[in-house]
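Novice: Take a look at the letters that make up each chain.
Protein chains: 2
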Amino acid sequence: MPSPPPGLSERDFQAALRELEGVVGREWLFATDEDVLLYRDGYSPLWGEADERFASAAVAPSSVEQVQGIVKVANQYGLPLYPISTGRNLTYGGAAPAYSGSVVVDLKRMNRILDVSARDKTCLVEPGVSYFDLYRHLRTNKIPLWIDTADPGWGGLMGNALDRGGGYTDIEFRDHFDAHCGMEVVLPTGEVVRTGMGASPQAKTWQLFKYGLGPWVDGIFSQSNFGIVTKMGFWLMEEPQAALQVSVTVPKRRDVVPLVDTLHSLMCAHTVPSQVTVASPLMAGNNPELVRLRGSGGASDADWDRFAANAGGAPFWAATFVYYGPSKVIAAQWEHTKERLAGIAGVGFRETASYKFPLTDEQAEAVADKARYGIPSLNLFGSRTAPNAPPLEGHMDFSPMIPPHGEELIALTDYTGKVYADQGFTPSFVAGMMFHPRTMICFHAVPTFRNAADNARTRKLFETMVRGCTERGWPIYRIHPVFQKLGMEMFGRDNGSLHRLHETLKDAIDPNGIVSPGRYDIWPKRLRGTQA
Amino acid sequence: MPSPPPGLSERDFQAALRELEGVVGREWLFATDEDVLLYRDGYSPLWGEADERFASAAVAPSSVEQVQGIVKVANQYGLPLYPISTGRNLTYGGAAPAYSGSVVVDLKRMNRILDVSARDKTCLVEPGVSYFDLYRHLRTNKIPLWIDTADPGWGGLMGNALDRGGGYTDIEFRDHFDAHCGMEVVLPTGEVVRTGMGASPQAKTWQLFKYGLGPWVDGIFSQSNFGIVTKMGFWLMEEPQAALQVSVTVPKRRDVVPLVDTLHSLMCAHTVPSQVTVASPLMAGNNPELVRLRGSGGASDADWDRFAANAGGAPFWAATFVYYGPSKVIAAQWEHTKERLAGIAGVGFRETASYKFPLTDEQAEAVADKARYGIPSLNLFGSRTAPNAPPLEGHMDFSPMIPPHGEELIALTDYTGKVYADQGFTPSFVAGMMFHPRTMICFHAVPTFRNAADNARTRKLFETMVRGCTERGWPIYRIHPVFQKLGMEMFGRDNGSLHRLHETLKDAIDPNGIVSPGRYDIWPKRLRGTQA
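Chains as they are written, first to last, in the working numbering: chain A, 1 to 532; chain B, 1001 to 1532.
Worth flagging that the hints you see were computed from the coordinates, not collected in a lab. Computed from a predicted structure; not experimentally measured. Hints are not guaranteed to be accurate.
[To be verified] Distance windows between CB atoms, simulated: (1) B:Gly1078 to A:Asp12: 42 to 50 angstroms; (2) B:Glu1407 to A:Asp12: 36 to 44 angstroms; (3) A:Pro358 to B:Lys1338: 53 to 61 angstroms; (4) B:Thr1464 to A:Asn495: 50 to 58 angstroms; (5) A:Asn495 to B:Gly1078: 45 to 53 angstroms.
Even for Gly, the Cβ is constructed at its ideal location relative to N, Cα and C.
Input sequences plus hints: build the corresponding full structure.
Specialist: Shown next as structure tokens:
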């Protein structure tokens, strides 16, 4: 039997579980050791250690009323809950709670697609709706709308949006939180609140206009623990006539500066509509000279360009992106893009894929870079950090945000490359990805293991980079639950006033501190001293 | 001498004012009758009546520290404050407080443009920076960035954004709150909080990435009273190569359905980048047959089309919008637009203006439709609701939000036309304006007067339309302070749970209830009973 949450007697815990059974029915309360292992974080950097976070039970409601019932029981017993939608975000903690002993509220049964409007290009979904679910619904019903999927696509719209994840299609949809329109939330007190226009009972605009009247509260329900979101609207992309995927390459290391400046300018003007990935194919692999350069912390451009020349003249950087729209508009945009980049000596332009929509099932299956066309897939699970590297046991994402400047990308790769090398790891930096209008996310995979000694090294690496990147001006945009306290410390200006505001909100909205204690380092009053 | 705020003795009020003088210096505390009249709402629908809202004094700080000092004094004495940035939003209450007796915190002296980055296309400003200020700064320094101005342009970026106002250029900038990136707020307790990446002391991304880590709190500071915002970042538009302004006309009343559907689809795909205004030139004026049709509440399409034919064959609807970008992309987008709209019998396409940028000062001065090119102006003050109507003494904006559907626009004009007529007013509906990606704002001017009898009629008209539009599914997106209680009642689903959440937040963030009591009907605990 799993242990009860801290501070709860075995007897009260069992009584609470029986009441939860009363709410959801016996078959939807999971409380054996085998049950709760299913909610374990398979990539945990604390795997098998005393501090690893475990659920004490899980409960799977099927309706808003059942969620309210669960919250009521939790308030009565002081039972910590940990709501998850699909719980599939493995590199950010998966389904395991931030606070050991929490009862996972598994929302997978609430998986109804409540509304899709082809005319308005919107949908309204429940927490358990996955990217695959919505994609299949649209294809089956021949609705000419695209989703913007996370990659891999097995997660769900709501969880990813609330965690502020990103995708690959047009700018309006890539920032998944920004692409939402309207929420329904069960507050920790059990009250149901609809946000935006949803608070006006007859409104025809709940999925059309974000704000409603008065303060716009939606943001406080992202990356937090202020309620259980039970419905969420999203804006969807109308299927374009056509798409053209291109690759722009530049030969020298410092060419990334004009490359990124120009692409950023074109993105801000919507001339380049899609996510832009800036990668250095040269920087992957384990060639000894490469390893030396990456670990040096500041090899010169000349050294790097010499290395590139010896590597057979492959371009140093490649930018990948897609145009969506009418064919003649695409042609004009691509032509203008080439003109704007023509000043970089040795720049290369290549059209790598081209589509007319709609695609047949066979054509959709054959698309190489599926996420760029709103097609969810699990292809990423086949990838590794480097061509010849062993498969990872697991990893955490480490993603500092930098200004969209080539010199920042170079400085970042210099810095993290050296940290990885100094601490005995192979650098894992994959690419700078322009998901958002004015920043570049720099993904790094930090490996996790199934043994404590290696995980201690990994945790040290992770902490070093979080602190080091913050000091250099590049804070992260989300972080694994095990490191959320560290993460929020990095946002500690004015003596931690933002964090204090979070906890002020927590005390007001969740007076008994029952929803996801500790998530993003927001502790309810009753646990604050003991956990800090 | 102005009266002290309710509940404060004359003696305590005078003591508080002396302390405020100590914070800002004698010349920046305004406490005579003449002083506070400057903060009167010239368009008040309660003009000269007992309930008209008056300030008791005003105080003009020059720094964040002085704002903190003011807040400290207010907490000590229970002094209600009413912060304004430029206070110029006349149709939404101007500079007058929501709660009579409040001390206006006039932030006009804090008018520094703290940062402009041409490379990143961002700025950071203080509350008093007006659209004119920033426009002049950019022109003087030849920075190739555009602002997105409200119209008229005498207000300021911050106040307009916090009120969730809108503009006319590209979609990324028109929703002024959405175009902000990063805030600094003085909380009612005096603590300073920087939001988003600003909470990370060395971050290079405060104006580049909106969210930071943990809950995103920015939204709660819009249309609310939870703090005094002292800095705000914004995204700016890179000056395009060219622009083409066009007009698309359709002959029959029901043609507005395919017209709006198609333009909405093109807007969602960024093929049409600017705000789209859909107006009916035919529906302005006071021709007796027009007045009869507008007041009928549901004249048939045939009746209307007959009226249009008799009016000399002018088109029924005209849509106005602008393409921004490289000339060849604009040409392809306009061509595609025409193809998509070609199916509407009798559709007309006209190019009404065309520009290459940058403009000389003379060219800029000659631009007719300035707000569409980021040029602030006061031209709107020369306009009237109907060609031969007398100038208004004042007016309030009444702006229901409808889905972007032509039939909703028709239903709305039928409904509000009849309400105006039934209550003895000339209908004022101007246009359906697609500021946001998936809604149309339908502006109406509701006249205000300088006499109580007419204002009583106006208040009845306003209330009737607020309630009637809400019942029909078209709630408003902001509302004059005198009607904020009514407005929030329209967002009363689940027994008013959203409003209760607002007041829960208020009690937590502003325990003494000193900032803008009553704004958007959010009352602090100490005033709640007395004001409801």
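Novice: Would you mind marking each hint as holding or not holding in the structure?
Specialist: Hints, verified against the model:
no.: 1; hint: B:Gly1078 to A:Asp12: 42 to 50 angstroms; in the structure: holds, 43 angstroms
no.: 2; hint: B:Glu1407 to A:Asp12: 36 to 44 angstroms; in the structure: violated, 58 angstroms
no.: 3; hint: A:Pro358 to B:Lys1338: 53 to 61 angstroms; in the structure: violated, 24 angstroms
no.: 4; hint: B:Thr1464 to A:Asn495: 50 to 58 angstroms; in the structure: holds, 51 angstroms
no.: 5; hint: A:Asn495 to B:Gly1078: 45 to 53 angstroms; in the structure: violated, 26 angstroms
Hints 2, 3 and 5 from the list above are not met by this structure, while the remaining hints are.
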